[in-house]
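Number of protein chains: 2
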Amino acid sequence: MIKIFSPATVANVACGFDVLGFALHTPGDQISMALNNTGRIELHDQTPYRLPLTPEKNVTAVALQSMLDALHSQQGFTITFLSKIMPGSGVGSSAASAAAAVFGANELLGRPFTRPQLVPFAMQGERAASGTAHADNVAPALLGGFTLIRSYTPLDIIPLPHPPLYATIVHPQIEVRTSDSRKILRQEVPIKKAIQQWGNLAGLVAGLFTNDYQLIGRSLHDVIIEPVRALLIPEFYAIKQAAIDAGALGCSISGSGPSIFALSPDEATARQAAQAMHAHFDRLGIDSHLFVSPINREGVKIMENEG
Amino acid sequence: MIKIFSPATVANVACGFDVLGFALHTPGDQISMALNNTGRIELHDQTPYRLPLTPEKNVTAVALQSMLDALHSQQGFTITFLSKIMPGSGVGSSAASAAAAVFGANELLGRPFTRPQLVPFAMQGERAASGTAHADNVAPALLGGFTLIRSYTPLDIIPLPHPPLYATIVHPQIEVRTSDSRKILRQEVPIKKAIQQWGNLAGLVAGLFTNDYQLIGRSLHDVIIEPVRALLIPEFYAIKQAAIDAGALGCSISGSGPSIFALSPDEATARQAAQAMHAHFDRLGIDSHLFVSPINREGVKIMENEG
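Chains as they are written, first to last, in this note's numbering: chain C, 56 to 362; chain E, 56 to 362.
For reference, chain C alone in the conformation it holds in the complex (with noise of 0.2 Å):
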């Protein structure tokens, strides 16, 4: 048996919709694993969400048994979630789930596939979980530190370095659904705000190479997304410049959504933009809950082996 930790995930990080990601230290998901000879995936729930229990409807046992099918194995796992992510938060719940299972059973069976190699599986719980295999969340989940989506088809997953960079969550306890979130976008976009979010996006891609936090933060912009999804979240923008007034690099919405994301070159700042936005969350009427934490470079891991 054993314990996995799998990170919540900010997916998007402004101008990188559906091709950028990076993960955290906290929160994350805790599940305990172990091979099981009933030929089924059995699940069980320790936390408070009620989290469906038939395998089919399952995110993380649809991202497993797609990869057992991959392995032609019939193998039976029991999985226990321990704790979770708030499910619909906007930080990757569905797929630290994901990253979790399907990293769990990697390393029971003996590490038939590289991490990388794991993506496409955790993406069927994506898939499940969203209606779009979406992989802005369990790349990062699973390799760690920010990771650019190039491609989908074929998938190129590019790691990406990164200066020392605290992230500040902030999830108001609203609730947003994911493919809400998806169905209130454009389908078309002006050339020309294309061109400000790619050009923002290149921008970031070489400020995070650079260590240059200035950088970064000038290219923190999404001109696309959030200005609609926006909308869903109460006075969004003055949360927003709360953070930047507070030091913060940058801010946008972490995801789909409801949390806000904002990046930090040390841990100070990022706690003073945690308690402005909360504070002003708090002045709306609207309990949210904080999170700080440095970007997690290492993804989905086993906490302890008790086998």
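If a hint is listed, it holds; no wrong ones were tucked in.
If several chains are the same, the list does not tell them apart, and a pair holds so long as it fits within one copy or across any two.
Below, in silico cross-link-like pairs of lysine to aspartate or glutamate (EDC-like), each with a Cα-Cα straight-line distance of 20 Å or less:
no. : residue 1 : residue 2
1   : 112       : 235
2   : 356       : 162
3   : 248       : 211
4   : 247       : 235
FYI, nobody ran anything at the bench for these hints, they're computed from the structure.
In this text the structure is predicted, and so the values were computed from the model without any measurement.
Mind docking chain E on chain C? Use the hints.
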């Protein structure tokens, strides 16, 4: 009197429409330039191209005048165009002229500006030439190497590193006007295509930083502009394939065309790509001019000082 060499440049570079460009060693413009006491910009043409010699209609003079205006200067200049990139070729002919003039004047005036500060003046020449003050040719002409225009407002130019790369330029002798080439572009693009494009641009930037030729090659795809502009170049896709088959990492339209560029890791491959593309145009009965050049890391420069 100084003589100045100002390089041709490849803008867009497949996935980087309006934001990316690089400089060549050949072809290029050569001008001579001197201060005069007339208070006017006097133009002389020794090229075969019958350049407009009225200052208001000459991109070189327009760029220079915008610089003089910023300095509140009434200084006169005498400029002689000695040799010139063929206008309308798609390798930054107007940008080379504009860069030459503002660089040369800056030298003659004791360098009141840094090279990056000259970019906005040269952009005014581009505005006169094509109606759009784009910077993706003038920035690499002035700064050398690969340059990213992260943002136009405010202007933010990021020099990018690169491994040794050899460019092949094939200029078919057909006419495509920059302004026409821009008019046929759609004002709205599908979000799915935009995502592919910015994934590739981010991948290209990462490949340039990591000297990863394979990643550079995988990223040199343009799914938005090339499919439209390819219609202006006979058998573009067959010619592109010929370059790839010859070993080039990637191939696309240079700027607004009709020149086609390819990038190769070594000179021999770049020459093979040149021959393959030339031979294909030859079979179509279209003459084409060939240039093979490493990336020019230096940009516009003084050739000799005869003062």
